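J.: Below, each chain spelled out in residue letters.
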Amino acid sequence: MLKAYMILSIILFSIGMVGLISRRNIIVIYMSIELLLNAVNLSLIAISGDLGDSSGHVMSLIIIAIAAAEAALFMSLFVVLFRKKGSLDANIFDLLGSKYES
Amino acid sequence: MSHSILLNILLLAPLTSAFLIFLLTISTRYTKQTLYTFLALSGSGLSAMIALYISYSSYFEHKLFVSHLFTWLNIGDFTIEVTLKADALSSFMLLFVAPVSFLIHIYATGYMHKDKSYGRFFTYFNLFIFFMFLLVLADNPIIMFVGWEGVGLISYLLIGFYFDDIKNTYAGNKAFIVNRVGDFGFLSALMLLFIEIGSGGFSYHAIFSNLSSIESPMLSLIALLLFVGAMGKSAQLPLFVWLPDAMAGPTPVSALIHAATMVTAGIYMVARFAPLYTLTVDVSLLIAYVGALSAMFAAVVATRQYDIKKILAYSTISQLGFMFMALGVGAYSTALFHMFTHAFFKGLLFMGAGAIIVAFHHTQDIRKLRGIRKSVPTVFIMMLIGSLTISAIPPLSAFVSKDAIMTVLYASHHLDLFLMALLSSLFTALYMFRMLFVLFFSETTYEATLEPSRNSVKSMIYPMAILTLLSIFAGMLNLPEIFGGNLHISCWLDLANRHFVLSHTHEIVLMSVNTVLILSVIFYAYKRYAYKDTILKESNTGFVANKFYIDALYNLIIVKPLYLLSVFLDRKISHELIDNTINSMAFNYRKLGKFFSILENGNVRFYALYMLIGLVLGFIYLFLLLKAIL
Chain A
1 MLKAYMILSI
11 ILFSIGMVGL
21 ISRRNIIVIY
31 MSIELLLNAV
41 NLSLIAISGD
51 LGDSSGHVMS
61 LIIIAIAAAE
71 AALFMSLFVV
81 LFRKKGSLDA
91 NIFDLLGSKY
101 ES
Chain B
1 MSHSILLNIL
11 LLAPLTSAFL
21 IFLLTISTRY
31 TKQTLYTFLA
41 LSGSGLSAMI
51 ALYISYSSYF
61 EHKLFVSHLF
71 TWLNIGDFTI
81 EVTLKADALS
91 SFMLLFVAPV
101 SFLIHIYATG
111 YMHKDKSYGR
121 FFTYFNLFIF
131 FMFLLVLADN
141 PIIMFVGWEG
151 VGLISYLLIG
161 FYFDDIKNTY
171 AGNKAFIVNR
181 VGDFGFLSAL
191 MLLFIEIGSG
201 GFSYHAIFSN
211 LSSIESPMLS
221 LIALLLFVGA
231 MGKSAQLPLF
241 VWLPDAMAGP
251 TPVSALIHAA
261 TMVTAGIYMV
271 ARFAPLYTLT
281 VDVSLLIAYV
291 GALSAMFAAV
301 VATRQYDIKK
311 ILAYSTISQL
321 GFMFMALGVG
331 AYSTALFHMF
341 THAFFKGLLF
351 MGAGAIIVAF
361 HHTQDIRKLR
371 GIRKSVPTVF
381 IMMLIGSLTI
391 SAIPPLSAFV
401 SKDAIMTVLY
411 ASHHLDLFLM
421 ALLSSLFTAL
431 YMFRMLFVLF
441 FSETTYEATL
451 EPSRNSVKSM
461 IYPMAILTLL
471 SIFAGMLNLP
481 EIFGGNLHIS
491 CWLDLANRHF
501 VLSHTHEIVL
511 MSVNTVLILS
521 VIFYAYKRYA
531 YKDTILKESN
541 TGFVANKFYI
551 DALYNLIIVK
561 PLYLLSVFLD
571 RKISHELIDN
581 TINSMAFNYR
591 KLGKFFSILE
601 NGNVRFYALY
611 MLIGLVLGFI
621 YLFLLLKAIL
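The listed protein sequences correspond, in order, to chains A and B. Take 1 as the starting number for the first sequence in my numbering and just add one per residue. Take 1 as the starting number for the second sequence in my numbering and just add one per residue.
Hints were generated in silico from the structure; no laboratory data involved. Be careful, since some hints might not be right.
25 Å max Cα-Cα, derived SDA-like pairs, lysine to any residue [claimed, not checked]:
#1 A:3 - B:617
#2 A:3 - B:621
#3 B:594 - A:91
#4 A:85 - B:594
#5 B:591 - A:95
#6 A:84 - B:601
In this text, all values refer to a predicted model and were calculated from it rather than measured experimentally.
Use the sequences and the hints to build the structure in full.
T.: So this is what it looks like as structure tokens:
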């Protein structure tokens, strides 16, 4: 049974990873990150259920709480970014890249 | 001990004043010239007075002044003590070095009047006498070498004093580099001495008492190498080339360094090592022949020079040649005495030349300076006395000293040396009076004034007057027996002289023949050059006018190949090989950096991709590792 949970977790993680890398919209990227987090949560819960140890549950609950706080922060960041550039395309926000060196 | 304090003051007074002047020069640009003058003269004047006192007490009371300053090196058994010691020979050197330096200092205050580098000049000048005293007073050859290098350095600095003209800088470089060749000899000799007898101490006394333990071929080698050092410093064939070029410096420099004091360091060194040279007769004889050739060569070349200072420079080489001849046959105090009188009359002649140069706005070519007797009568009289002295006319001082050299050469049964010396002294009279007659006896006249009212001119004339008196009377100190003297200086110096016996009739005949020959040469020069334009008709071709092509030869066999080698190393090795390698390395790194900077595009998505790739690679590695272990 654990194997099925782990496979699902891996699939979720891969989808999140591909989304993170290939999509340009920042909101979608954020969603992909959430997907990564939840993949990890799923595996944590599955393993702790399998072992009969509840510490994995505690960990995943904390992660969910933090992810909620994160979400609020991200939303305000999206607003600020959109006000700066009028777009949420991730490729626009590359000020730290080498093409801006003098 | 009061005695050691005297020596210390003698040595440190010029150093202190040099240092003070240096501080003033760098700290403010508006120092009064008088202040510099005061500092420079007080430093050299103080040491001149002490030097006179020291040589006085050394001469009359046979006092020995010793001052131990500090221990320089202490390695195992070997120690180098910095000790000053004024024995008879050192006191004798002080006797003329210090006062002549002081007089030339006074002269220089006039000559350099209103020069923009007045302070710098006197810094060097005072530093020079410091090093000269160190050279003379040193108690071991290593401290002497410090002084030796020091005077060489100051000579370089002063030759290139007006460094805005690149020619002066070249002349300074030439002097420095040619002297390096000589110093190589000196240094090698010191090292050999150290290897052979260094364990027994390195003061002169220790060296000379251990000389017998060195084998004779090695001893000859050491003597020869030491002489190479003397050859460089005292401008003898074949290392003389720097001295004529050294005349690029201001005239007081030529008078002090390149005529009266520094160039005599070689003579002093050979005399100091007299116990060594008495053991190596072959090398001594070589010294005599080198001296004779130099004396002849320089005297002949001087007859075709046109620059006042160059004529005097060649004459210095020639006179130093005389001294080496005397040293070579073993008459050390005779040579030293000629050095003593030479300091006075050569200083005087250079000062006269300097006065003429100042009066005629830095013209030095005697073809342009004709008939100037009316304009500068005082200088004329002094130059006349100087020329008569250098030509060894009785009873002037150089007559006594040069005749002593002639006598010992004759008595040593080296007739070839004697003839060469005689010929050189005839040429001496010829070139000196050629210059004198061209300068002062001519129908065409050039007008200029050396206003005697100006203080700067006064400070040039008075030292000259004193030196004139000294040139006339200095010979009294070492009158030979034949004139009722008893060679005071020789007795005082008490060196390892070889004694030559010559009957008084021989001596008188020799003297009178010499004098008559010299007078006839002067008469010939009068006929040829006075009130005539002979000098303008002399052609620039031929061996003599081109200094026997020695400079050209050196250029061809030493300077040119070295230059070409340097150009090759510069262009090919340094530029193409080393520079290009380093540059291309830098260039390729730059290109590589450009390439990798494409990866760093500031886009977060790509960074996530790189992290993914890294993770995957890391996992693959771990997987393979685990597989290998299990």
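J.: Evaluate each hint against the coordinates.
T.: Results for each hint:
Only pairs whose Cα atoms come within 25 Å are accepted, and residue 3 of chain A paired with residue 617 of chain B is accepted, the gap being roughly 24 Å. A hinted pair counts as satisfied when its Cα atoms are at most 25 Å apart, and residue 3 of chain A with residue 621 of chain B qualifies at roughly 24 Å. Annotation: proposed proximity of residue 594 of chain B to residue 91 of chain A holds, straight-line Cα distance about 21 Å (limit 25 Å). For the suggested pair residue 85 of chain A and residue 594 of chain B, the alpha carbons sit about 28 Å apart, so the restraint of at most 25 Å is broken.
With a C-alpha separation of about 23 Å, the suggested pair residue 591 of chain B and residue 95 of chain A falls inside the 25 Å cut-off, and the hint holds. Between the alpha carbons of residue 84 of chain A and residue 601 of chain B the distance comes to roughly 20 Å, so the proposed pair stays at or under 25 Å and holds.
In the structure shown, a violation is registered for the earlier hint numbered 4 alone.
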